[in-house]
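Please model the complete structure; the sequences and the hints are all you need to start from.
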Amino acid sequence: MTESQGVEAFHQLELNTGRFLIQRCTGCGKHVYYPREACPHCDSTSLDWISPKGGGTVYAVTTVRRKPAEGGDINVSLVDLDEGVRLMGRIDNLAPGAVSIGQRVNARVQVKDGKGLVLFDAVDGGAL
Amino acid sequence: MSTLRGLRGSAAIVGVATFGNGLSPGFTDMELLARSAHAAVEDAGLRMSDIDGLCTASGGASMWPLPVIEYLGLNPRYIDGTMLGGSSFIAHLLPAMQAIRSGQCSAVLVCYGSAQRTSTVGRREMGQLRRFVDPQPYEYPYEPMLPASAYALAASRHMHEFGTTREQLADVAVAARAWARLNPDAFMRAPLTREDVLKSRMVSEPLSVRDCCLVTDGGGAYVLVSAERAKSLPKKPVYVLGNATAVWNRQISSMRDLTATSAKQSGADAFAMAGMKPSDIDVLELYDAFTINTILFLEDLGFCPKGEGGPFVESGMIAPGGKLPVNTNGGGLSCTHPGMYGIFALIEAVRQLRGEGGDRQVIGAMTALAHGNGSTLSSQSTAILGTAETL
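Protein chains in written order, with the working numbering: chain A, 1 to 128; chain B, 1 to 391.
Think of the hints as simulated: they come from the structure by calculation, not from any bench. C-beta atoms are modelled at their ideal positions from N, C-alpha and C, and glycine is treated no differently. Don't take every hint at face value.
Said to hold, decoys possible - Not the full set, but computed from the structure, chain A residues with beta-carbon under 8 Å of chain B:
no., residue
1, Val-61
2, Thr-62
3, Val-64
4, Ile-74
5, Val-76
6, Arg-86
Unchecked claim - In silico DSS-like cross-links for lysine-lysine, where the CA-CA straight-line distance does not exceed 30 Å:
no., chain 1, residue 1, chain 2, residue 2
7, B, Lys-306, B, Lys-277
8, B, Lys-264, A, Lys-30
9, A, Lys-67, B, Lys-199
10, B, Lys-277, B, Lys-264
11, A, Lys-67, A, Lys-115
12, B, Lys-235, B, Lys-277
13, B, Lys-235, B, Lys-323
14, B, Lys-236, B, Lys-323
15, B, Lys-306, A, Lys-30
Okay, structure coming up:
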């Protein structure tokens with residue numbers, strides 16, 4: 001990355017090219033997400049970008065009930081990546097009501113109208 | 001903590017008022033606030049010209065103390081516009097006590113008003129505006145219905161870890177309604193059963209519309225002075241024995257454990273300042289924006305062990321006639337919730353300690369805990385109040 005932009009813009013630009021990056025602190029070794037200018041664990045400003053392996057587990061789940069005209073029901077989950085960070089996401093290959101806590105998922109990047117977004121797909125084996 | 005112990009009981013709430021609860025078409029936020037503020041100052045036996053400290057916050061205007069000072073004609077020496085969401089008006093207590101103790105001011109007015117239900121700028125418009133002025137780029141793209149979906153996520157985790165059921169969540173709403181039926185000022189007073197809650201429209205699973213707080217208009221205000229000055233004012237003083245505020249996260253996706261809120265910290269700190277423990281408390285007013293809140297706060301504030309909040313509320317403990325009266329006005333679920341509820345929880349605690357509760361009065365109550373929550377389980381502020389006997 002260059003010094004001339006913040007981490008939020010860099011992260012989004014990478015997503016827009018299909019690449020999902022999270023940070024790893026060189027000070028304390030912990031992974032960091034969402035992107036920060038300094039590590040919230042140890043205050044180091046030395047953070048590397050890494051590609052997460054993509055595996056994760058659903059930590060919490062809700063189905064937002066909406067009328068069809070408003071887009072219909074949609075899953076909103078919190079996913080713990082195996083690297084130890086949590087993020088909001090959608091489990092995209094299951095019906096909204098079929099997502100369970102403990103479900104193993106894989107991250108992928110959807111690029112739509114030039115804008116990247118991290119989504120998740122449930123993987124075989126179902127909930128742990 | 002030793003210096004905070006020195007502030008225990010140093011200030012008292014001597015005036016309270018609410019105005020316009022429910023539907024107040026044609027009123028602005030400011031008008032609801034001003035009516036409440038004047039009534040609270042009058043209740044304190046003071047005049048607006050006696051007020052030299054102001055605390056207020058707004059869900060919309062970021063410089064809200066300025067128009068409030070102008071509108072009320074104040075010239076405060078102490079101003080606190082700290083905005084932590086719904087907990088703000090409880091979090092305003094401790095700094096105001098310190099300002100009174102230091103001599104910076106002598107009479108602090110804490111006030112709020114919102115025409116959220118009938119205003120032409122409704123929640124939808126405010127929500128859209130917030131996306132621009134207060135972006136959450138790592139949550140908004142997934143279209144959570146905030147704040148409800150954040151609390152739904154917390155409820156899902158509590159159910160997963162501890163076996164909490166939708167029926168137990170419903171019991172929180174049923175208890176709140178049973179209290180509201182005793183309160184002529186409550187907005188929703190029709191009978192409500194567990195089955196009614198379970199059958200009501202689902203909003204964000206597992207929370208139905210009856211698991212969610214009301215959307216009302218309304219204003220509330222209280223006046224804080226030194227304990228010394230309180231003795232010469234007309235109403236029975238309600239002393240602030242402890243207050244503490246904690247924030248561990250803003251976004252639900254940044255909350256480390258969705259079953260444990262920073263109320264653990266605010267509650268422990270407030271109890272330490274008061275030199276008290278949960279079993280010393282006679283009546284609780286907990287910010288019930290959603291049914292899961294009451295369960296989380298009963299646990300985090302130490303009224304039952306972590307994970308046992310579901311069976312605790314199922315036992316009828318918190319409803320009228322139960323051993324631990326909770327949300328005696330009907331709470332945010334059935335009494336009032338004009339955008340931010342914290343000040344109304346505190347006002348109900350004061351009314352209970354004054355013995356002004358009417359049919360819902362907890363007989364002999366001498367201690368009360370009022371707990372505020374803000375945003376998406378983000379800010380927590382706990383106040384412990386007591387009558388003169390507790391000093």
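Status of each hint after checking the structure:
no.	hint	result
1	Val-61	holds (5 Å)
2	Thr-62	holds (4 Å)
3	Val-64	holds (5 Å)
4	Ile-74	holds (6 Å)
5	Val-76	holds (5 Å)
6	Arg-86	holds (6 Å)
7	B:Lys-306 - B:Lys-277	holds (16 Å)
8	B:Lys-264 - A:Lys-30	holds (26 Å)
9	A:Lys-67 - B:Lys-199	holds (18 Å)
10	B:Lys-277 - B:Lys-264	holds (13 Å)
11	A:Lys-67 - A:Lys-115	holds (26 Å)
12	B:Lys-235 - B:Lys-277	holds (27 Å)
13	B:Lys-235 - B:Lys-323	holds (28 Å)
14	B:Lys-236 - B:Lys-323	holds (25 Å)
15	B:Lys-306 - A:Lys-30	holds (28 Å)
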